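Participant: Add chain B to chain A, keeping to what the hints say.
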Amino acid sequence: MHAESLTMLAYIIAGVCFIMALKGLSSPESSRQGNIFGIVGMTIAILTTLASPMVVNYLWIVIGIAIGGGIGAFIAKKIQMTALPQLVAAFHSLVGLAAVCVATAAYLAPESYGIGVSGHIHTGSLVEMSLGLAVGAITFSGSIIAFGKLQGLISGKPVTFPMQHMLNLALGITLVLLIVVFAVSESSAAFFLLMALAFALGFLLIIPIGGADMPVVISMLNSYSGWAACGIGFTLANSLLIITGALVGASGAILSYIMCKGMNRSFFNVILGGFGADAAAASGPDIGDKTVKSGSADDAAFIMKNASKVIIVPGYGMAVAQAQHALREMADTLKKEGVDVSYAIHPVAGRMPGHMNVLLAEANVPYDEVFELEEINHEFSTADVVYVIGANDVTNPSAKNDPSSPIYGMPILEVDRAKTVLFVKRSMASGYAGVENPLFYADNTMMLFGDAKKMTEQIVQAL
Amino acid sequence: MAAENLAEQAGRVAEKAGELAAVARALAEQAANTVTAVVNGAPAPEATPGPFWYLFTIFVLAIFVGYYVVWRVTPALHSPLMAVTNAISSVIIVGALIAAGPAHFSASQVMGFLAVILASVNIFGGFIVTQRMLSMFKKKK
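In the order they appear, the protein sequences are chains A and B.
Numbering-wise (our numbering), the first sequence opens with residue 1202 and increments by one.
Numbering-wise (our numbering), the second sequence opens with residue 1046 and increments by one.
Next up, chain A with everything else stripped away, as it sits in the complex (with noise of 0.2 Å):
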């Protein structure tokens, strides 16, 4: 067969290998072999290209596979599940890096990928090019940025100034006028240009979303590292980079899309940002002089022995405060004692989607205990206790009945439904979206203060 006609089939079977490996998540027992699929895909594609007669410099690309193989293994062996989040940015940022890297690589040396010689690059290919820069570019500045904000290096509070969406706005023309410069004169300058004011955007992108809106943030950059792969894809004439960067990009615009109905928002009101940020003006209903009934992890822990039916619902807190290991065991303790318990996920719980679900899987707690939002809020009604560890706005019931609520639409566990409602909290600070809880003052709920891993630990020696 001729080589190029080899090459196609080795990227096809590539790109089947990848859609094989996303296939695979559908359910937990068929992940593994997926992931498997997708090492598969990725070393076809590596052998294929390093086969191709244009490559001969192996050693500099052994060199450069190692280190960034090396570095790359490490960190992931070593992280700690619950900073998945900023470990998922920060690679996003590399991609879009890596990206810009490639294109920059394109027009120095078009006639390496065939699409011209050095000032005469097909316009086509120059569109192609900025295209893949512009977006690579926006995601490795919005990355970073989503990173320090995740790793607490920069606030995770909005950073809001006047003009900010005319400035943004301002930049966006000003980089599609770019595009047309740099296609019409192939100049270096309009080429440059491009590039630094994209890494500008991309860091005024981020800079007004708030921590608790970052699930959508990296789900957008998830998506815009896929259409960077797909625009340097579209200017190598490369077939795997466009299957790859369409079905990463698509990945991402649908986990934003989920992400954005958690909240009962609309992308372009979190991409626009701000929320969160004047807190104090929204109080949320009025409470009067409503009391709030605390208790001890003895309390929690009687309540919690005398019932049958225990459902958990952990938030961000549990994971800053690490407290998964001592919820299962909590959990266990209470199934030797003949509790049912389940455990009940908000799409939008946590930094990432999925976040929640990767740290009870941590802790050894088995997925088939663990329900998302639709398939166990019918369930809180029949439930003796609700054990809220770490979570606060995706629980509270002015998102249903307090249409004056900035959080109302949002889809909330409906946890005042059950007949206890037990609240972990440090303090009576309200959530992310700065809305006052009026589940703290009900009836039925005990408020129990302190850090939500000591407390849960308390409430294990106390059963």
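No lab work stands behind these hints, which were simulated from the structure alone.
On a predicted model such as this, the values are computed, not experimentally measured, just so you know.
Misleading hints may appear alongside valid ones.
Okay, the calculated bits of chain A under chain B, using three or more residues with CB under 8 Å as the criterion [as the list claims (entries may be wrong)]:
id, stretch
1, 1567 to 1573
2, 1638 to 1649
Not close to chain A: a few residues of chain B, all C-beta gaps over 10 Å, as computed [claimed, not checked]:
id, residue
3, N1050
4, R1057
5, E1060
Ideal Cβ placement from N, Cα and C applies to all residues, glycine included.
Facilitator: Then chain B, alone, in the frame of chain A:
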């Protein structure tokens, strides 16, 4: 009589042959023109779509495949989904390898080398962390 008929028929056949020859000549001329046009690089009368449209077709179909496959991913595995998509989007290394590949040293090669390192961090890191996550998901004993 027979001889006259034959002569008449022969005449008609000759006429037809002449017409056919004219048509054949016209066709041949047209073909020759087309060939010259193609050789000269001018677009053929019915231009075939460029490679962009083939790539674009692949692009659109791949988005649809992605859309349907990803909707079937169970929400519990959304974190591994992000990690694995992150790993596979590093297939951009293919472009990096070509840039890093040539024997002679150039600025473009440095860019390629950098991109190979960055993409490799992602490939190894992404697949390993996905594997770590997935190995934790266990069923009730």
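Participant: Evaluate each hint against the coordinates.
Facilitator: Verification of the hints:
1. With 6 residues having a Cβ less than 8 Å from any Cβ of chain B, the stretch 1567 to 1573 of chain A passes the three-residue criterion, so the hint holds.
2. Against chain B, the stretch 1638 to 1649 of chain A contributes 0 residues with a C-beta closer than 8 Å to a partner C-beta. That does not satisfy the three-residue criterion, and the hint is violated.
3. Against the 10 Å criterion, B/N1050 stays outside the reach of chain A, whose nearest CB is about 61 Å from its own CB.
4. The beta carbon of B/R1057 sits about 53 Å from the closest Cβ of chain A, which is more than 10 Å, so the claim that it is off the interface holds.
5. Distance check on B/E1060: its Cβ is at least 51 Å (rounded) from any Cβ of chain A, clearing the 10 Å threshold; non-interface status holds.
The structure does not agree with numbered hint 2 stated previously, though it agrees with all others.
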